[in-house]
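Undergrad: My request is simple: use the sequences and hints to build the entire structure.
As they're listed, the protein sequences go chains A and B.
Per my numbering, the first sequence starts with residue 1, numbered consecutively.
Per my numbering, the second sequence starts with residue 1, numbered consecutively.
Calculated directly from the structure, the hints in this document are not laboratory data.
These figures come from a predicted structure and were not determined experimentally.
By construction, the Cβ of each residue, glycine as well, lies at the ideal position given by its N, Cα and C atoms.
Treat the hints with caution; some may be incorrect.
[Claimed, not checked] Straight line, CA to CA, 20 Å or less: simulated SDA-like cross-link-like pairs of lysine to any residue:
(1) B/LYS87 / A/LEU325
(2) B/LYS164 / B/ASP119
(3) A/LYS38 / A/PRO181
(4) B/LYS48 / A/ASP324
(5) B/LYS218 / A/ALA35
(6) A/LYS168 / B/ALA221
(7) B/LYS2 / B/LEU86
(8) B/LYS48 / A/LEU323
(9) B/LYS37 / A/PRO105
(10) A/LYS260 / A/GLY334
(11) B/LYS37 / A/ALA335
(12) B/LYS88 / A/GLU71
(13) B/LYS87 / A/PRO181
(14) B/LYS182 / B/LEU86
(15) B/LYS218 / B/GLY138
(16) A/LYS150 / A/PHE172
(17) B/LYS37 / A/LEU325
(18) A/LYS38 / B/ALA220
(19) A/LYS22 / A/SER298
(20) B/LYS87 / A/SER69
(21) B/LYS218 / A/LYS322
(22) B/LYS88 / A/SER69
(23) B/LYS87 / A/TYR57
(24) A/LYS322 / B/TYR167
(25) B/LYS87 / A/LEU73
(26) B/LYS218 / A/ILE46
(27) B/LYS134 / B/ILE178
(28) B/LYS88 / A/CYS284
(29) B/LYS218 / A/ASP34
(30) B/LYS88 / A/GLN60
[Unchecked claim] Examples of chain B residues lying across from chain A (beta carbon under 7 Å, computed):
(31) LEU40
(32) SER77
(33) SER81
(34) LEU86
(35) LYS87
(36) ARG212
(37) LEU214
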Amino acid sequence: MLILGIETSCDDTCAAVVADGKTILSNIISSQIDAHQKFGGVVPEIASRKHVELINYVIQEALDSAHISFEHLDAIAVTCNHGLVGSLVVGVAAAKAIAYCWNLPLIGVHHIEGHVYANIVENPDIETPHICLTVSGGHTMLIYVQDHCKYELLGSTLDDAAGEAFDKIARFLGLGFPGGPIIDRLSQDGDPKAFAFPRPIIRRKDLDFSFSGLKTAVIYTVNDMRRRGTRLNLADIAASFQQAVVDVLVYKTIEAAKKKEVRTVTLAGGVAANSQLRSTFRACGVHEGLRIIYPSRSLCTDNAAMIAGLAFYKYRLGQLSKLDLDVMASAPLGA
Amino acid sequence: MKILGVDTSSEIGTIGLIDDEILVAEYALQANAAYLKRLLLAIDCVLKEAELTIYDIEGFGVGIGPGSWTGLRIGTSTMKSLAHSLKKPICGISTLDAIAYNVRFVETLVCPIIGGRKDEVYTAFYNNEGAIVKRITGYRAVGISDLLAEISNPTIFLGNAALKYKYLILSKLKGSAIFADKLASYPRGSSIAALALTRIRNSDFDDSLSLRPLYLRKPAAETGWDLESRQHP
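TA: Take a look at the structure:
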């Protein structure tokens, strides 16, 4: 079964063709980073405009790279929930038009569920139930994946998303945008123990996260050092900040796995590409006897292969959309 | 030649289907932000009414604005994806041209005005000749007062901003201002289709991959409006 996936929930225009939820025939991502970089973050109006300009090119490229054309498709999948409304509408409008022309099933997909399925696309044998930590610039969630397309949200961030904290600290330190990869790279030369930044709400019994206090602590420390004329070792600051984020994410995720008595933990979202997060999880996995799975880097950040992958399972469960499909900035999982 | 024309740039959406110069079916929807939900179903409704399918359509026209940015993105993305999927020609038609088309038989100066940001309007001047829409200036975004200061000859005003600024226009221009009725103030799907038909006959159509809306305004972030409004609340 060939599914064309379309994803335009934030600033990447994406289309992919996936066979049977597991074989990626093409995965096209047109990044808009250059257009947003000078503003230090994603500008919604610019993102919406770029999507309109790029969407049909990206769809055509996804078909060409998969060596197929529209008539070979069996279904159209599109992200319709969770993201910037002005961006989401572009992908959904295009998906509906294609589904209508070719009389194909339309499958509206939740962006975060898509991230969960980035792992399942690459590891179709993954056991359920499992725990998925999905963490990016827009969200931080601990999800109990009970069965295909069946979720329980165990915890989420009370303020900033983890990736958002990376972006804000990178901007504060004048390092550029997006912050995640920059801080990851810089941290390789830094000492993660140089500064004892707080691990917010790590001891609280629930599985929620909070990163704004950590962000403030970093800013106060740096401002204080600047005032006193102390030389700033950016690599040490970056590494210590990154370690604090990683420690909280890992600790809460392991707690969730214990609470739900699962043996498999998956990581998803842009921050799942962070090398320190990956290596700490690997080490903890060995220690705790957990199978740790994370996607290839190209499936961590926003992409449409995960959308087409998830849609395959939704299709099997009969979870189809109608032509009046609408978008929502946020929606509960499994809705 | 069967052409489907759509405009979703304003509060009243419109879909028209023509076969050469014959109107086959037309539909209006007061969609207020519900275009994404309703547009394709409305297109389906028009086609069913005409006992046709989307495969019978030989070309597409879409209102590319200026107007509501979200409305334009939904209309443009939908229509160019139809054209792209079916490999049929598409023409982006300025919504201002489509409104001027409503009074194409009138040879007075015509000034369609569409509400923009703050006190700005989107506009152009037309001097129609022999029932052909003839635009004599470029499309632009301009303050309503600045626009009125340029006008001295008798002028027909129409468009959603003509209704909004009617009393201001009358107070500035007195007898020189003539107002078209409300029905003539919105683009019609059949007009978009008719303007597209003329272009398609001349092989003057757009590329369905690269077609984009006519915004006439940069995003606020690029013009620094956000910054200004924060400094002068």
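Undergrad: It remains to establish, for every hint, whether it holds in the given structure.
TA: Now for the hints, and whether the structure bears them out:
1. B/LYS87 / A/LEU325: violated (24 Å)
2. B/LYS164 / B/ASP119: Satisfied, since the Cα-Cα distance of roughly 11 Å is no more than 20 Å.
3. A/LYS38 / A/PRO181: With a Cα-Cα distance of about 17 Å, the restraint between A/LYS38 and A/PRO181 holds, given a limit of 20 Å.
4. B/LYS48 / A/ASP324: holds (17 Å)
5. B/LYS218 / A/ALA35: holds (13 Å)
6. A/LYS168 / B/ALA221: holds (18 Å)
7. B/LYS2 / B/LEU86: holds (14 Å)
8. B/LYS48 / A/LEU323: At roughly 15 Å apart (the allowed maximum being 20 Å), A/LEU323 and B/LYS48 satisfy the hint.
9. B/LYS37 / A/PRO105: Holds: B/LYS37 and A/PRO105 sit about 16 Å apart, inside 20 Å.
10. A/LYS260 / A/GLY334: Holds: A/LYS260 and A/GLY334 sit about 19 Å apart, inside 20 Å.
11. B/LYS37 / A/ALA335: Status holds; Cα separation ~18 Å.
12. B/LYS88 / A/GLU71: This hinted pair holds, its Cα atoms lying about 15 Å apart.
13. B/LYS87 / A/PRO181: violated (41 Å)
14. B/LYS182 / B/LEU86: The hint is violated at about 36 Å.
15. B/LYS218 / B/GLY138: holds (17 Å)
16. A/LYS150 / A/PHE172: With a Cα-Cα distance of about 39 Å, the restraint between A/LYS150 and A/PHE172 is violated, given a limit of 20 Å.
17. B/LYS37 / A/LEU325: Satisfied, since the Cα-Cα distance of roughly 6 Å is no more than 20 Å.
18. A/LYS38 / B/ALA220: With Cα atoms ~14 Å apart, A/LYS38 and B/ALA220 stay inside 20 Å; holds.
19. A/LYS22 / A/SER298: The hint holds at about 15 Å.
20. B/LYS87 / A/SER69: holds (12 Å)
21. B/LYS218 / A/LYS322: Answer violated: B/LYS218 to A/LYS322 is near 34 Å, above 20 Å.
22. B/LYS88 / A/SER69: holds (15 Å)
23. B/LYS87 / A/TYR57: holds (14 Å)
24. A/LYS322 / B/TYR167: violated (45 Å)
25. B/LYS87 / A/LEU73: holds (16 Å)
26. B/LYS218 / A/ILE46: holds (9 Å)
27. B/LYS134 / B/ILE178: holds (19 Å)
28. B/LYS88 / A/CYS284: violated (56 Å)
29. B/LYS218 / A/ASP34: Answer holds: B/LYS218 to A/ASP34 is near 17 Å, not above 20 Å.
30. B/LYS88 / A/GLN60: holds (15 Å)
31. LEU40: With a closest approach of 5 Å, the B/LEU40 hint holds.
32. SER77: holds (4 Å)
33. SER81: holds (4 Å)
34. LEU86: holds (6 Å)
35. LYS87: violated (9 Å)
36. ARG212: holds (5 Å)
37. LEU214: Hint on B/LEU214: violated, closest Cβ of chain A at ~12 Å, above 7 Å.
Violated hints, in rising order: 1, 13, 14, 16, 21, 24, 28, 35, 37; the structure is consistent with all others.
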